[in-house]
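A.B. asks: Just so you know, the protein sequences line up as chains A and B, in that order. Heads up, the final residue of the first sequence is numbered 344 in the numbering used here, and it's a clean run with no missing numbers. Heads up, the final residue of the second sequence is numbered 1344 in the numbering used here, and it's a clean run with no missing numbers.
In short, the hints are calculated from the structure, not lab data. A hint or two may mislead.
Below, simulated PhoX-like cross-link-like pairs (lysine-lysine); rule was C-alpha separation at most 25 angstroms, straight line [unchecked claim]:
{"hint": "1", "chain 1": "A", "residue 1": "308", "chain 2": "B", "residue 2": "1263"}
{"hint": "2", "chain 1": "B", "residue 1": "1280", "chain 2": "A", "residue 2": "281"}
{"hint": "3", "chain 1": "A", "residue 1": "280", "chain 2": "A", "residue 2": "50"}
{"hint": "4", "chain 1": "A", "residue 1": "230", "chain 2": "B", "residue 2": "1032"}
{"hint": "5", "chain 1": "A", "residue 1": "230", "chain 2": "B", "residue 2": "1263"}
{"hint": "6", "chain 1": "B", "residue 1": "1217", "chain 2": "A", "residue 2": "50"}
{"hint": "7", "chain 1": "B", "residue 1": "1182", "chain 2": "B", "residue 2": "1230"}
{"hint": "8", "chain 1": "B", "residue 1": "1280", "chain 2": "A", "residue 2": "230"}
{"hint": "9", "chain 1": "B", "residue 1": "1230", "chain 2": "A", "residue 2": "320"}
{"hint": "10", "chain 1": "B", "residue 1": "1186", "chain 2": "A", "residue 2": "28"}
{"hint": "11", "chain 1": "B", "residue 1": "1182", "chain 2": "A", "residue 2": "217"}
{"hint": "12", "chain 1": "B", "residue 1": "1182", "chain 2": "B", "residue 2": "1138"}
{"hint": "13", "chain 1": "B", "residue 1": "1335", "chain 2": "B", "residue 2": "1263"}
{"hint": "14", "chain 1": "B", "residue 1": "1320", "chain 2": "A", "residue 2": "263"}
{"hint": "15", "chain 1": "A", "residue 1": "186", "chain 2": "B", "residue 2": "1281"}
{"hint": "16", "chain 1": "A", "residue 1": "263", "chain 2": "B", "residue 2": "1308"}
{"hint": "17", "chain 1": "A", "residue 1": "280", "chain 2": "B", "residue 2": "1308"}
{"hint": "18", "chain 1": "A", "residue 1": "308", "chain 2": "B", "residue 2": "1281"}
{"hint": "19", "chain 1": "B", "residue 1": "1263", "chain 2": "A", "residue 2": "263"}
{"hint": "20", "chain 1": "A", "residue 1": "230", "chain 2": "A", "residue 2": "280"}
{"hint": "21", "chain 1": "B", "residue 1": "1308", "chain 2": "A", "residue 2": "182"}
{"hint": "22", "chain 1": "B", "residue 1": "1230", "chain 2": "A", "residue 2": "230"}
{"hint": "23", "chain 1": "B", "residue 1": "1308", "chain 2": "A", "residue 2": "34"}
{"hint": "24", "chain 1": "A", "residue 1": "32", "chain 2": "B", "residue 2": "1050"}
{"hint": "25", "chain 1": "A", "residue 1": "138", "chain 2": "A", "residue 2": "308"}
{"hint": "26", "chain 1": "A", "residue 1": "308", "chain 2": "B", "residue 2": "1028"}
{"hint": "27", "chain 1": "B", "residue 1": "1230", "chain 2": "B", "residue 2": "1280"}
{"hint": "28", "chain 1": "A", "residue 1": "320", "chain 2": "B", "residue 2": "1263"}
{"hint": "29", "chain 1": "A", "residue 1": "217", "chain 2": "B", "residue 2": "1050"}
{"hint": "30", "chain 1": "A", "residue 1": "217", "chain 2": "A", "residue 2": "230"}
{"hint": "31", "chain 1": "B", "residue 1": "1032", "chain 2": "A", "residue 2": "308"}
{"hint": "32", "chain 1": "B", "residue 1": "1050", "chain 2": "B", "residue 2": "1028"}
{"hint": "33", "chain 1": "A", "residue 1": "320", "chain 2": "A", "residue 2": "308"}
{"hint": "34", "chain 1": "A", "residue 1": "182", "chain 2": "A", "residue 2": "28"}
{"hint": "35", "chain 1": "B", "residue 1": "1320", "chain 2": "A", "residue 2": "308"}
{"hint": "36", "chain 1": "A", "residue 1": "308", "chain 2": "B", "residue 2": "1182"}
{"hint": "37", "chain 1": "A", "residue 1": "320", "chain 2": "A", "residue 2": "263"}
Just a sample of chain B residues kept apart from chain A, beta carbon distances all over 10 angstroms, derived [said to hold, decoys possible]:
{"hint": "38", "residue": "1019"}
{"hint": "39", "residue": "1068"}
{"hint": "40", "residue": "1167"}
Glycine residues also receive a C-beta, built at the ideal position from the N, C-alpha and C atoms.
2 protein chains.
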Amino acid sequence: MIETLPYLLQPYNICHFEGSTFYIGNRKTFPKEKGFVECQNCQQIANALKLMITQGGGPLQVALTAFRYIASEMDNNNIPFSYTHLENEIDYIVRARVTNTTMKRTVDSVLSQIKPRFIDPTFNTTDLIIELNSVIDKIEKDYDEIYYKMGILGASLLRDNDTILTTCFAEHTFLLSIYLAKESGKQISVLVNETRPYFQGTRLTAPSLNELSIDVKIISDSMGSFYMGKNMIQHYMSAADLVCMDGTVVNKIGTNQNAICAKYYNIPYTAFAISPDSTKKTFNDIQMEYRNPNELLMINDNYIGDPKINALYPAFDIVKSELVTNIVTNKGVFKPNQIRGVFE
Amino acid sequence: MIETLPYLLQPYNICHFEGSTFYIGNRKTFPKEKGFVECQNCQQIANALKLMITQGGGPLQVALTAFRYIASEMDNNNIPFSYTHLENEIDYIVRARVTNTTMKRTVDSVLSQIKPRFIDPTFNTTDLIIELNSVIDKIEKDYDEIYYKMGILGASLLRDNDTILTTCFAEHTFLLSIYLAKESGKQISVLVNETRPYFQGTRLTAPSLNELSIDVKIISDSMGSFYMGKNMIQHYMSAADLVCMDGTVVNKIGTNQNAICAKYYNIPYTAFAISPDSTKKTFNDIQMEYRNPNELLMINDNYIGDPKINALYPAFDIVKSELVTNIVTNKGVFKPNQIRGVFE
């Protein structure tokens, strides 16, 4: 395992709780401030997710930690542990971000594992809390192993002297791939799209790569094809918020245009997907999140242009399978047309 | 002719001079402020161009007005009018922006027209100044006619209910095309890339279209392909800072990726080129401008991310001729492979 994850991926920095306060690492002010947003209940946690205080893989970790938090809260307040309460509270969090379904599917898995214990008369509240924490422990350990395995798989796709283009913040799997490739002696450089409107590339990915001593430079979201055309990019890599059974990749807006340009310049595009979603048969099943256009029109609460003019802000791109070279998953590296056979 | 050009394209608002002060309309603070940067000599004017106080077609108008200004300055200060002085002063301005060669070629044309008068003993200083202003008058009138003609040609390419994607600020020719299409009864909508890092789309293009009562919405530079994929864009249009004889189009960074995506989605890409450059045979002859990476890393003088991490900032994209559907010029609408035959 990687000894020192960059600051943003250390579990405590993603989220934790003390007493009745739930702390979410504030990715919107990073790296200027390494602060936390404080929440007092699951509705406030859900609101923080809607505001993108944490994003990408962050909400999954928040949901897992929220299970422990809900249990702890009931224990501290001597409230009898109720399955309905647990389900209702975690549902606030699940509904905060709709396109990435990994969180929802993981939450459903936790609920289905713990539900039978609630009707088991031999389990009292203390037992239920221990059991819930044990389920979460196991899932967190599994994810750590998945991240590491996918990092090894991703690193295997990289060659010495490759320069990688990436968009947004592709978290553990991408960062581990770059780190493990470097550790194995490969010289890897990364160009990072700044990723408007939140600048996750500039604020999250570039500093995290820098922490891992990787050569990194920032470009605007409009410059990828310039460097592809100059043969200065050998691989485009991104996370995947969702992969459908037809090999469609859903990821941060901006991914599709880079994937199209990569295909035009014969550069491979690799997406990292923790878990393709077997309930999403094709791209028609994707629930698309549109965000407040003001997020595009304002910087630091000031309008960039004329406040009378509106904007559009789809949060995610839908990348057709024909544009995808590799999908790195927990079960191996696959071509898009292999996904259905492996995951359905 | 169009009765009311939008604010940014009115000649007085691009630049003018009073006495020894040369005023350049400050596009960097528009639309918040409709201000001017004041310059006291041609070196200061050149510096303002390097700082992108005006850009796109602005520097051409600045150079033409600077000829009048240099002459006026010498007249006011009773300095004998010298060709060498004129050439040296205007050269500061020409060298401020190197990729768009229309300004340089227009300046060279003025110089070659006026030079013979300096060795004509019948011309005194007053005559020379009158002659210079007359040459500039003619060129400005020619450009106005070219802009209008290209506007008619551009409008002819648009269909009722088209939504156009555009990048940066494509000035007279594009805005007139949209305006004239609308005047002829076509319903036209425009999606404008915000155009990082200076937000020319958000700040210049969107308000100018809005002034002309065109339906306009802003998207980030990463969203064009999303709406192409949804069949919500029927045409991609941009200016061209330079067109080579092989049909290569040079324009603001971000143009290439949209042109590639337009080709992928079978959407036409039209570039407006006031004057293809017969001295540039192929894309190998292009002099590329790289700008200060801090322009990408900072907003309002504050670093967005970690100041230790660097960026790259090529100012222009080079779009291969195979990606270009139409080039609208002063001589008509051509396919890229027709440019050499018409302009060389």
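A.B. asks: Of the hints given before, which are not true for this structure?
C.D. replies: Hints 1, 2, 4, 10, 11, 12, 15, 16, 17, 18, 20, 22, 24, 25, 27, 33, 34, 35 and 40 contradicted; others consistent.
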